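Number of protein chains: 2
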Amino acid sequence: MRYLSRVEVRLKPGYLDPEGESTRRALQDLRYRVRRVGVAKVYEIELTASSLQEARKLTEEMCRKLLSNPVKDDYSFEVRKLGR
Amino acid sequence: MRYLSRVEVRLKPGYLDPEGESTRRALQDLRYRVRRVGVAKVYEIELTASSLQEARKLTEEMCRKLLSNPVKDDYSFEVRKLGR
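Top to bottom, those sequences are chains L and H.
Per the working numbering, residue 1 is the first one in the first sequence, and the count goes up by one each step.
Per the working numbering, residue 85 is the first one in the second sequence, and the count goes up by one each step.
Just so you know, these hints were derived from the structure itself, not from any lab.
Please note: incorrect hints may appear among the correct ones.
Claimed, not checked - Just a few of them, taken from the derived set where beta-carbon distance is under 8 Å, the chain H residues facing chain L:
#  : residue
1  : 85
2  : 107
3  : 110
4  : 117
5  : 119
6  : 120
7  : 122
8  : 125
9  : 126
10 : 142
Unchecked claim - In silico BS3-like pairs for lysine-lysine, Cα to Cα no more than 30 Å straight-line:
#  : chain 1 : residue 1 : chain 2 : residue 2
11 : H       : 149       : L       : 41
12 : L       : 41        : H       : 141
13 : L       : 72        : L       : 41
14 : H       : 149       : H       : 96
15 : H       : 125       : L       : 41
Only a predicted model underlies this, so the values are computations on that prediction, with no experimental measurement involved.
We put the beta carbon where it would ideally sit given N, CA and C, even for glycine.
Bound-form chain L, shown alone:
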């Protein structure tokens, strides 16, 4: 069966976010009153698995093995079944 995993990867609190900082400065240069900008990445993954439970287990593995850096990233995900 097919599943869609939506994974969000973000820097752990306290880690410098250079892209967020650049974005904050660019917005401030445009005169927006912005205090802070954080950037996260979303992966939408269509995968095949035998059950929702397996799809969740596989997604968790993908996060640990490839999608996130355990030293500096946090991740969270949702998995849902795709129609037939």
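Use these hints to put chain H onto chain L, whose structure you have.
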């Protein structure tokens, strides 16, 4: 008052997503049965505005002026008030 805007920027359907494709290949190399991977970016922006309505208007402007490329990106956002 302070608001938190959560903006998601993604490629319009039909645009080639090189980062998603690289990720798909890397996951397939790890033996995962993955059909497709799409990548989107999330900006979390703390801003100052006089009302929720203004915060939404400012966020919409930021999306058009800086955060998205109107040719190839779609965006969506949610805005909420931050405590006191």
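Hints, one by one, checked against the model:
no.: 1; hint: 85; result: violated (11 Å)
no.: 2; hint: 107; result: holds (6 Å)
no.: 3; hint: 110; result: holds (6 Å)
no.: 4; hint: 117; result: holds (4 Å)
no.: 5; hint: 119; result: holds (4 Å)
no.: 6; hint: 120; result: holds (4 Å)
no.: 7; hint: 122; result: holds (4 Å)
no.: 8; hint: 125; result: holds (6 Å)
no.: 9; hint: 126; result: holds (4 Å)
no.: 10; hint: 142; result: holds (6 Å)
no.: 11; hint: 149/H - 41/L; result: holds (20 Å)
no.: 12; hint: 41/L - 141/H; result: holds (24 Å)
no.: 13; hint: 72/L - 41/L; result: holds (14 Å)
no.: 14; hint: 149/H - 96/H; result: holds (17 Å)
no.: 15; hint: 125/H - 41/L; result: holds (5 Å)
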